[in-house]
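Residue numbers (numbering that gives the first Met the number 0), protein chains in the order written: chain A, 0 to 260; chain B, 0 to 165.
The hints are simulated quantities; they were obtained by calculation from the structure and are not laboratory data.
Errors might be hidden in some of the hints.
[Claimed, not checked] Derived EDC-like pairs: lysine to aspartate or glutamate, alpha-carbon spacing no greater than 16 Å straight-line: (1) A:Lys198 <-> A:Glu14; (2) B:Lys156 <-> B:Glu131; (3) B:Lys160 <-> B:Glu131; (4) B:Lys38 <-> A:Glu67; (5) A:Lys87 <-> B:Glu40; (6) B:Lys160 <-> B:Glu110.
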Amino acid sequence: MAAESGKIDPMHQFEVTPLGGGFNLGGHEVLFTNSALWMVIAAIALGLFMWGGMRRQLVPGRWQAAVEGFTGFISNMMMANIGTEGRKYTPYVFSLFMFILFCNLLGMLPLGVLGLHPFTVTSHIAITGVLALISFAIVLVVGFWRHGLHFFSLFVPHGTPLPMIPIIAPIEFVSFMVRPFSLGLRLFVAMTAGHVLLKVLSGFVINGFNAETLWLGSIVSVLSFILMIGISALELLVAGIQAYVFALLTSLYINDAVNLH
Amino acid sequence: MPQIAQLTADNWYLASQLFWLLVVFAGIYLVIGRGMLPKIEATVDARDRKVADDLAAAKAAHAAADNLEESYRQQSDASRAAAQKAVAAAKDKAAKDAEKRLAKVDAELSEKLAAAEAGVAAARKSAMAEIESVAADAAGDLVAKLSGVKVAAADAKAAVKAVLHG
């Protein structure tokens, strides 16, 4: 985190470092990195969380109720946005939501205090972009599978006056094609910005106490620290909201593919 | 910015990122999305169904209890009406019996009264006849004592009769 001579590089936290275990896959060297480690940690944590909700009791305990709260949240969202057919896509959207949520939250863990280096998987556009592309691919496959070429009617909203179609259709097409980028970019930017902000503020805290005029530096440090607490709380909120937005938009896009307009 | 740097073609870790993302996410999708989620949803669905069934059963039981109460009330109403009818009939019969007996007693009494009246009338008649003869004897005796004339019994009788009957 802290480089030499008190300089703090807020981007250092996003660096991927190899942890070993490399092999060759189609000409590319694949290594087990800290990014992969945190994905695996998120997967294991998610698995443990879900496993605790598998007791299948008629009257749920706390843990089971918590897990059922999450599953019910996504099921209801799919039901509300797509209808009964949405149940087919619930496993995907649920996996997406929980994976993003756990990655977001695990990246917020204050493990730096212990000297460890938490890595926010979702702060990488390569990750969020691929997840967005998977969602977009599902939309395309389902749309063309179910509606064939009729799927293109998506670009002509219902009730568009005939002379407006040449103008509306390109706009709709562009907005459709932009979806995977906006979807992936939104999560990546929110996570990156939040973590950079936190890191910059923590740099203020450290440099303030190290300042030559200690009284002034202390004021800066204390104020920065108070701000950090607030922003950490905000980031926890953002972690949940961004996961929700990603899942919600995915469900809306799938609805377009399933029901057209 | 490491996030953007990896998108350049010669970056060493883009392949690792994508590989591990696909492995981990596929694992989550298969194990959690396809394996665990349906079971949890099935549990929730089963619970919802059970709650709905129990509610329906409770509703049905409630309706049955209402019906039972209604039929019980009808039955008790009917039996009360029957009891009232029986009481009324018994009262009616008793009243009629009493009337009949009263009439009979009445008739007997009036018969006895008539007989008694007839007896009285006969006694009076015979008493009247006796008075006549006694009065004739007494009148004959009186005349004989006062005037020494012997009056024939038949004359005395006739005179007495004339006096008594005007």
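Practice task
Just pull the numbers of the violated hints for me, sorted ascending.
Solution key: Violated: hint 6 alone.
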